[in-house]
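Student: Listed here are the chains, written in short residue letters.
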Amino acid sequence: MRGLLAGFRLELHVVRANPDSLIPLVTAPLFAIIFLAIVRQGGRSDLEPDALMAPVLMSLWWIALVQAGSMITADRWQAVLEPLIAAPTSLASVLVGRIAFLMCVGLLSFFEVWLAGWLIFGVSIPFEHPLELALTLAATALAMAGAAVAFAALFVMTRNAYTFINSASFPFYVLGGVLVPVAYLPDWIEPVSSVLFLSWSADLLRATLKEPAVDDFWGRLGMVLVLGAITFVLGRAILFYVLHRMRAKGELATA
Amino acid sequence: MEAVEVEEITRVFEPRRRSGTRVVALEEVSLTVPTGEIHGLLGPNGAGKTTLVKILSTVLLPTSGKARVLGHDVVDETEAVRPLIGIVFGGERGLYWRLTGRQNLEYWGALYKLSSRGAKARAQQLLERVGMVDKADERVEEYSRGMKQRLHLARGLMGDGKVLFLDEPTTGMDPLAAREFRSLIGELRDEGRTILLATHDMVEAEMVCDRVTLIDRGKVIATESPRTLGQVLSRFQRIDVEGVPPAVLDEIRAMRGVMSVTAVDGAGTRIEVDEEGATQLVLERLVDAGATSVRTSLPSLEEVYVQLIGERGMEI
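Top line first, the protein sequences correspond to chains H and G. Residues 1 to 255 (our numbering) are what the first sequence spells out, left to right. Residues 256 to 571 (our numbering) are what the second sequence spells out, left to right.
Hints may be right or wrong, so weigh each one.
Stated by the list, open to error - Here are the simulated SDA-like pairs of lysine to any residue, each with C-alpha atoms no more than 20 Å apart in a straight line:
{"no.": "1", "chain 1": "G", "residue 1": "390", "chain 2": "H", "residue 2": "13"}
{"no.": "2", "chain 1": "G", "residue 1": "368", "chain 2": "G", "residue 2": "339"}
{"no.": "3", "chain 1": "G", "residue 1": "321", "chain 2": "H", "residue 2": "248"}
{"no.": "4", "chain 1": "G", "residue 1": "368", "chain 2": "H", "residue 2": "90"}
{"no.": "5", "chain 1": "H", "residue 1": "249", "chain 2": "G", "residue 2": "276"}
{"no.": "6", "chain 1": "H", "residue 1": "249", "chain 2": "G", "residue 2": "269"}
{"no.": "7", "chain 1": "H", "residue 1": "249", "chain 2": "G", "residue 2": "274"}
{"no.": "8", "chain 1": "G", "residue 1": "417", "chain 2": "G", "residue 2": "384"}
{"no.": "9", "chain 1": "G", "residue 1": "375", "chain 2": "H", "residue 2": "88"}
{"no.": "10", "chain 1": "G", "residue 1": "368", "chain 2": "H", "residue 2": "88"}
{"no.": "11", "chain 1": "H", "residue 1": "249", "chain 2": "G", "residue 2": "277"}
{"no.": "12", "chain 1": "H", "residue 1": "249", "chain 2": "G", "residue 2": "272"}
{"no.": "13", "chain 1": "H", "residue 1": "249", "chain 2": "G", "residue 2": "330"}
{"no.": "14", "chain 1": "G", "residue 1": "375", "chain 2": "H", "residue 2": "1"}
{"no.": "15", "chain 1": "G", "residue 1": "368", "chain 2": "H", "residue 2": "5"}
{"no.": "16", "chain 1": "H", "residue 1": "249", "chain 2": "G", "residue 2": "268"}
{"no.": "17", "chain 1": "H", "residue 1": "210", "chain 2": "H", "residue 2": "130"}
{"no.": "18", "chain 1": "H", "residue 1": "249", "chain 2": "G", "residue 2": "331"}
{"no.": "19", "chain 1": "H", "residue 1": "249", "chain 2": "G", "residue 2": "320"}
{"no.": "20", "chain 1": "H", "residue 1": "249", "chain 2": "G", "residue 2": "271"}
{"no.": "21", "chain 1": "H", "residue 1": "249", "chain 2": "G", "residue 2": "301"}
Claimed, not checked - Only some residues are given here: those of chain H computed to face chain G with a beta carbon under 10 Å:
{"no.": "22", "residue": "82"}
{"no.": "23", "residue": "83"}
{"no.": "24", "residue": "87"}
{"no.": "25", "residue": "89"}
{"no.": "26", "residue": "247"}
{"no.": "27", "residue": "251"}
What the hints assert, rightly or not - Short derived list, chain G residues pointing at chain H, Cβ under 8 Å:
{"no.": "28", "residue": "268"}
{"no.": "29", "residue": "315"}
{"no.": "30", "residue": "316"}
{"no.": "31", "residue": "349"}
Hints in this document: simulated from the structure, not taken from any laboratory. Even for Gly, the Cβ is constructed at its ideal location relative to N, Cα and C.
Make the full structure from the sequences, and use the hints.
Tutor: Dropping the structure here:
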C-alpha cells in the first residue's frame with residue numbers, strides 16, 4: 001500500500017512539474033467540439049452523448065498508452081530504475097500508484113467535455129443512469145490502469161517505444177468502438193473487439209447516457225472488470241518477466 | 256557474520272548483436288567484507304567494480320557464483336537483502352530532475368516503507384547532514400553536479416541500510432565537498448554500518464578504507480590494508496631519461512632494484528624500479544653520467560597491476 005501511495009504522490013509531483021503530460025485535457029474538449037459539430041451537421045442529435053463520451057475514452061486511453069506506458073522507459077533513461085528495483089517496495093505497486101493518479105487526471109476530461117458541450121452547443125450530458133455511469137467510468141479507469149501496466153512492461157522491451165505508442169492509439173479507438181460503435185463496423189471486427197475491455201466500456205458508457213434502462217448492466221460491467229483484470233495480470237506477468245530479463249542481461253540502466 | 260560474502264562470482268555480458276564481443280566483466284571474484292568495515296574496491300574504469308556493486312545490490316544477476324549480504328543470497332533472497340542495503344551510484348543521473356531534492360528524498364523514503372511523517376523527518380535530517388537544506392526545495396535540474404552527488408548520498412541513506420554500496424560517490428564533487436564526504440563515511444562506519452566503496456581514486460581509498468581490494472579486468476588482484484598497498488605501490492617508480500651513454504644504461508640495468516631499461520620511441524630511455532631506495536641510486540648514477548634530461552614519475556595504477564600480477568601469478 002505504501003508503494004501505491006508513494007507512486008500516486010510521485011506522479012502528482014511529476015505532473016505538477018511537467019504539465020505537458022496534461023495534453024489530453026487540452027485536446028478532449030476540442031475533440032468534443034469536433035464530434036458534436038459532425039453529429040449536429042448530420043442531423044443526428046441522438047448521437048450527441050456518444051460524441052461527448054468518445055473524447056473521454058480517448059483521453060483515458062492516451063494517458064494509459066503514452067504517459068503510463070513510457071514510465072519504466074523514462075525511469076530507465078533517468079537511471080532511476082536500478083535504485084528503484086533495489087528498494088524493498090515492488091515496482092508494480094509503485095507503477096499502479098502512478099497510473100492511478102494519471103487515471104484520476106484523465107477522468108477530469110469527463111467534466112471538461114461536459115462543460116465544452118454545454119458552453120458551445122448548449123448540449124449537456126444526459127444523466128439518465130448516473131450511478132451506472134459513475135460505476136462504468138470507475139471500472140473503465142481501473143481496466144485502463146491494468147492495460148497501462150502491460151504497456152509499460154512491453155514498451156521497455158522495445159528500442160523505439162514511441163513508434164509503437166503512436167501507432168497504437170487510433171487502431172484501438174476503432175477496435176474499441178470509441179469513435180464509432182462496433183455494431184456499425186464490418187462483422188469480422190466484432191470478435192476482435194469483444195476481447196477488448198475498451199469496446200465493452202464504450203458500449204456501456206453510451207448505454208448509461210440513454211433511455212431505456214441499461215440491459216444486463218452488471219454482467220457488462222463485470223466484463224469490463226474481468227477483461228481489465230486479465231490485462232492487469234498479464235501486464236504484471238510481462239513486467240516480472242521483463243525485469244528478470246533486464247537483470248539477467250544487465251539492461252536496467254542505459255549507458 | 257560477514258556483511259558481504261562473494262564466492263567465485265562470474266559475470267559475462269553476451270553481445271547484443273552478432274558482430275559484438277562477449278565481455279567477461281567479472282571472473283571468479285571472491286571477497287569478504289566483515290561487518291563494520293569500510294572496504295574499498297579499487298580499479299580503473301572497466302575493471303568490474305560497478306558490475307560487482309550491481310550484483311550485490313540485486314539489480315544484476317551473476318552468470319555464476321554466489322554472493323550474500325548479511326547472510327542473504329542476492330539472487331534467491333532479494334526481498335530480504337533490499338531493506339538491508341543502501342546504494343549510491345555515481346554520476347549525475349538517478350534522480351527525478353524536475354522534482355525538488357526534498358521531494359526526491361521523501362519518495363525514496365516511502366519506497367523504504369517509512370511513514371509520510373517518518374520520510375519527511377529523515378529527509379530533513381539527511382539534507383542537514385549533507386549540507387543541502389538551503390537547496391532542498393529547488394528542483395534537482397538546478398543543482399550543480401556536486402550537489403546532485405550529495406543528494407545521491409542522502410538518497411542512499413534514506414533506507415537506513417546496514418550495508419552501503421557506494422559506486423564512485425565523489426565523482427563531480429569539489430575537493431572540499433569530497434573531504435567532507437569522506438569524513439561522513441567515517442561517521443557512517445561509527446554508526447555500525449558496513450561500506451563497500453568502489454573507486455578509482457587511490458588517495459580516496461587510502462584515506463577512508465580499512466581494507467582495499469584491487470580489481471582489474473574482472474579479476475581480484477589483491478586485498479590488503481591501504482598501508483600495505485601503499486608500500487607495495489610506492490616501490491614502483493619510473494625514470495625517463497635522455498642523453499645517457501649505452502654503457503651507463505647497461506650498468507644501471509645491472510643495479511639492484513632496477514626492473515627494466517627500455518628505449519622509448521628512439522628518443523630516450525625508460526628505467527623502471529621496483530624496490531625502495533633504488534630510484535635514488537639510479538638518479539645519482541645518471542647525474543654523474545651527464546644525463547641531459549631526467550624525469551621521474553609514478554606508474555599508473557594499471558601498470559602497477561601488471562607488475563603485481565606478474566609477481567603474484569595465480570596465487571592471488
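Student: A separate judgement is required for each hint: does it hold in the structure or not?
Tutor: Tested hints:
For a cut-off of 20 Å, the pair hint linking residue 390 of chain G to residue 13 of chain H stands: about 17 Å separates their Cα positions. A distance of roughly 12 Å separates the Cα atoms of residue 368 of chain G and residue 339 of chain G; the hinted pair therefore holds under the 20 Å criterion. Annotation: proposed proximity of residue 321 of chain G to residue 248 of chain H holds, straight-line Cα distance about 15 Å (limit 20 Å). Between residue 368 of chain G and residue 90 of chain H the CA atoms are separated by roughly 11 Å; this keeps the pair inside 20 Å, and the hint holds.
The suggested pairing of residue 249 of chain H with residue 276 of chain G holds, with an alpha-carbon distance near 14 Å, which does not exceed 20 Å. Under the criterion of a C-alpha separation no larger than 20 Å, the hint pairing residue 249 of chain H with residue 269 of chain G is consistent with the structure, at around 8 Å. Distance hint between residue 249 of chain H and residue 274 of chain G is fulfilled; the C-alpha atoms sit about 17 Å from each other, no more than 20 Å. Restraint check: the Cα-Cα separation between residue 417 of chain G and residue 384 of chain G comes to about 18 Å, which is no more than 20 Å; the hinted pair holds.
Restraint check for residue 375 of chain G and residue 88 of chain H: the C-alpha separation of about 18 Å stays at or below 20 Å, so the hint holds. Proposed proximity of residue 368 of chain G and residue 88 of chain H is supported: the alpha carbons are some 8 Å apart, at most 20 Å. The straight-line distance between the Cα atoms of residue 249 of chain H and residue 277 of chain G is roughly 12 Å, inside the 20 Å bound, and the hint therefore holds. Restraint check for residue 249 of chain H and residue 272 of chain G: the C-alpha separation of about 13 Å stays at or below 20 Å, so the hint holds.
Distance hint between residue 249 of chain H and residue 330 of chain G is fulfilled; the C-alpha atoms sit about 14 Å from each other, no more than 20 Å. For the suggested pair residue 375 of chain G and residue 1 of chain H, the alpha carbons sit about 18 Å apart, so the restraint of at most 20 Å is met. Straight-line distance between C-alpha atoms of residue 368 of chain G and residue 5 of chain H comes to about 11 Å, which keeps the hinted pair within the 20 Å bound. For the suggested pair residue 249 of chain H and residue 268 of chain G, the alpha carbons sit about 7 Å apart, so the restraint of at most 20 Å is met.
Under the criterion of a C-alpha separation no larger than 20 Å, the hint pairing residue 210 of chain H with residue 130 of chain H is consistent with the structure, at around 11 Å. For the suggested pair residue 249 of chain H and residue 331 of chain G, the alpha carbons sit about 17 Å apart, so the restraint of at most 20 Å is met. This hinted pair checks out: residue 249 of chain H and residue 320 of chain G have alpha carbons roughly 16 Å apart, not beyond 20 Å. Note on residue 249 of chain H and residue 271 of chain G: the hinted pairing holds, with a Cα-Cα distance of about 9 Å set against a maximum of 20 Å.
The straight-line distance between the Cα atoms of residue 249 of chain H and residue 301 of chain G is roughly 17 Å, inside the 20 Å bound, and the hint therefore holds. Among the interface hints, the one on residue 82 of chain H holds; its C-beta lies about 5 Å from the nearest C-beta in chain G, closer than the 10 Å criterion. The interface hint given for residue 83 of chain H holds, since its Cβ lies 6 Å from the closest Cβ of chain G, which is under the 10 Å cut-off. The interface hint given for residue 87 of chain H holds, since its Cβ lies 4 Å from the closest Cβ of chain G, which is under the 10 Å cut-off.
With a least beta-carbon distance of about 5 Å to chain G, the hint placing residue 89 of chain H at the interface is held under the 10 Å criterion. A hinted interface residue such as residue 247 of chain H counts as satisfied when its beta carbon comes closer than 10 Å to some beta carbon of chain G; here the least separation is about 5 Å, so the hint holds. Checking residue 251 of chain H against chain G by beta carbon gives a least distance of about 9 Å; that is within 10 Å, so the hint holds. Because the closest C-beta pair between residue 268 of chain G and chain H is about 6 Å apart, less than 8 Å, the hint holds.
A hinted interface residue such as residue 315 of chain G counts as satisfied when its beta carbon comes closer than 8 Å to some beta carbon of chain H; here the least separation is about 5 Å, so the hint holds. Given the 8 Å rule on beta carbons, the hint for residue 316 of chain G holds: about 5 Å separates it from the nearest Cβ of chain H. At about 4 Å, the closest approach between the beta carbon of residue 349 of chain G and any beta carbon in chain H falls short of 8 Å, and the interface hint on this residue holds.
Figure legend: structure checked against the earlier numbered hints; every hint is met.
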